[in-house]
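Top line first, the protein sequences correspond to chains A and B. Okay, so the first sequence: first residue is 1 according to the working numbering, each after it adds one. Okay, so the second sequence: first residue is 1 according to the working numbering, each after it adds one.
Please keep in mind that the hints were generated in silico from the structure rather than gathered at the bench. All values reported here derive from a predicted model rather than from experimental measurement. Where a beta carbon is used, it is the ideal one built from N, C-alpha and C, also for glycine. Incorrect hints may appear among the rest.
[To be verified] Footprint (simulated), chain A over chain B, 3 or more residues, beta carbon under 8 angstroms:
no., segment
1, 13-19
2, 24-36
3, 84-93
4, 125-131
5, 150-163
6, 249-260
[What the hints assert, rightly or not] Calculated from the model, a selection of chain B residues having no Cβ within reach of chain A, i.e. all distances over 10 angstroms:
no., residue
7, 63
8, 69
9, 70
10, 73
11, 74
12, 100
13, 116
14, 185
15, 201
16, 279
Residue-level listing of the chains:
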Amino acid sequence: MTGRRWQNAGLYLAMVVTVVVFAFPVLWVLSLSLRTSREIVATPPPLLPASPQWGNYTHVLETTGIGGYLLNSVIVVAGSVFGCLLLCVPAAYALSRLRFRGRATFSRGVLAAQLISPLVLVIPMYRLFVTLGLLNNYLGLILVYVAVTAPFQTWFLRNYFDSIPVELDEAALVDGCTRGRALRSVVLPAARPGIASAGIVVAVLSWSQFVVPFVLLDDSSMYPISVGVVNLQNQGGEITTQYLAAGSIIAVVPVVLVFVALQRYIVGALTAGSLKG
Amino acid sequence: MKTAAKPWIWLVPLGVLLLVVFGYPIVEIVRLSFTDSTMVSGEPYSYTGSAYRSVVTGPDFADTLRVTSAFVVFSVVFQLLLGLLIALLVDNAKRRGLRGAMITRTVVLTAWAIPGVVIGVLWQLLYQESTSGILNYLGSLLGFSGDSAFLSDPGNALVSVTIANVWRGTAFSMILMYAGLQTVQRDLLEAARLDGASPFQAFRAVTLPALLPLIAIDLVTITVETFNSFDMIMALTQGGPGTSTQVLALKVYDQIFTQLGLGRGAAMSIVLLLINAVMIAIYFRYHKRREVNP
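So that you can see chain A by itself, here it is in the shape it has in the complex (with noise of 0.2 angstroms):
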């Protein structure tokens, strides 16, 4: 059994490796946003500060409109998540239960519309909202983001359909259910995980999302935090390195928190349409 531990140890170095790969990025940044000035300079870099500098965040919190970021990306990404399972919830279940003529047409349309270039998008779009005065407007940014996230999760959670038996939405119809009372009553109770998944997928990718915003979005005021962190990079000289680094740590803490408490939800809905296809 020798070769075999040698083999364990081998896979522990391997983990261990992995590990302090991924982790060190955001750890370091961690260390950089607790430190002094002299010390952000200082040659060789500590690993550690001497006492961690908590004030950075408060100054960064006070003097910067990242609160305000924080709170815009809240109320974008609800919103968000509200609007793509009200459409892809009734779009899902219709295409996984219901057999029509344009069925396959409607998938495949969705399908390709995953792939697309939000980049491509967002420069008509900008034409469009400037002609409507939708500049600067969340509805209307909300949609922009439903629009890019609706197409995977619809994909998803219409696999998701295809694992519930139909046998309880035809028990429901049988005894005298519409179609939307079925789904309501019988199948969304049944569904919960995935629609659970859908919505945090969709949290997770609008927190995230740039282009959208960057290009329909120029005042200041309304930057989600995607967009902030930016805007606090390039005020160059006004914002010193530990400064930055507290914002981006502030910036991916709400994120990283539900991703770690969430992520059997997250894995599944990254994976399933993918086992299926």
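Assemble chain B onto chain A, guided by the hints.
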């Protein structure tokens, strides 16, 4: 199942939104690409093929394509390979009951959840070009100069950006490959082992064939994602120094929103759209079975 009376009621809200947000811009961008329009509003424009001529004959676009292809090829190859390796590592460790397998998976996956712009900022801080920059310091311990210009030297910048992008994208490939490994039939692997196959032979004969459909889907997905890359590079280098890291999406943005050349930028974005279209066609081939037998 019986045909429903009104299937479209369920689909119209999503369908309308997708038509407005996808259909309209695609038609519009094709139209604009055949004009000499600018971003200066209200300025009259005419229909012409000059945008395409200028894109094809101008020296800048060939440069963009060269930068983009190097970025895409190296990103995709290393994301897939590293993703597969880490998936094999986690899967193997988990089957042996080693502690830390799931922690490893979680840590790698966290990179997927971090917004692209923040990843750009993180790596910009890692690549700091003085001796107090951490990668330079670690490099100096290994005998390098300790003041490498990771981002400000045009020769290094694309490599640095690609490494950051591999770090960012490996998680997605890893989780797809990991899911694929769960579908590999263990008794086949066991039989191969009993027949005296080496681990590598067993991987080639049993594991790899089972993973191939997923590898195909992964390749299409990450290739599209990489071609569409915008946010991380925007935060890391803004496409510079010069145009040394200006990939296609950044070039289109620069052409339209900085140079204000709407027609020319639209023509360039058609190239991005065509790449997306080719990938969609490939994707459909792998999703066909599902369409025939839903």
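Results for each hint:
Three residues within the 8 angstroms Cβ limit are the bar, and the segment 13-19 of chain B against chain A gives 5, so the coverage statement holds. Look at the segment 24-36 of chain B against chain A: 6 of its residues bring a Cβ nearer than 8 angstroms to a Cβ of that chain, three or more, so the hint holds. Requiring three or more residues with a Cβ within less than 8 angstroms of a Cβ of chain A, the coverage given for the segment 84-93 of chain B holds, as 5 such residues are present. Remark: the segment 125-131 of chain B is confirmed as covered by chain A, as 5 of its residues place a Cβ nearer than 8 angstroms to a Cβ of that chain, reaching the required three.
With 0 residues bearing a CB less than 8 angstroms from a CB of chain A, the segment 150-163 of chain B misses the requirement of three and the coverage assertion fails. Check result for the segment 249-260 of chain B against chain A: holds, 5 residues qualifying (beta carbon to beta carbon below 8 angstroms, three or more required). Remark: the non-interface label on residue 63 of chain B is consistent with the geometry, its nearest Cβ contact in chain A lying 19 angstroms away (cut-off 10 angstroms). At roughly 16 angstroms, the least C-beta separation between residue 69 of chain B and chain A is larger than 10 angstroms, which holds for a residue marked as non-interface.
With a least CB separation of 19 angstroms from chain A, residue 70 of chain B remains clear of the 10 angstroms interface cut-off, as annotated. No Cβ of chain A comes within 10 angstroms of the Cβ of residue 73 of chain B; the nearest lies about 18 angstroms off, and the non-interface call holds. Interface exclusion of residue 74 of chain B from chain A stands, the closest Cβ pair being 17 angstroms apart, more than 10 angstroms. Taking the minimum C-beta to C-beta distance to chain A, about 5 angstroms, the non-interface status of residue 100 of chain B is violated against the 10 angstroms cut.
A beta-carbon of chain A is positioned within 10 angstroms of the beta-carbon of residue 116 of chain B; the least distance is around 6 angstroms. At roughly 15 angstroms from the closest C-beta of chain A, the C-beta of residue 185 of chain B stays outside 10 angstroms, upholding its exclusion from the interface. Every CB of chain A is more than 10 angstroms from the CB of residue 201 of chain B (nearest about 17 angstroms), matching its label as outside the interface. For residue 279 of chain B, the condition that its CB be more than 10 angstroms from all CB atoms of chain A is violated, with the nearest at approximately 6 angstroms.
Violation of the numbered hints given earlier is confined to hints 5, 12, 13, 16; the remaining hints are satisfied by the structure.
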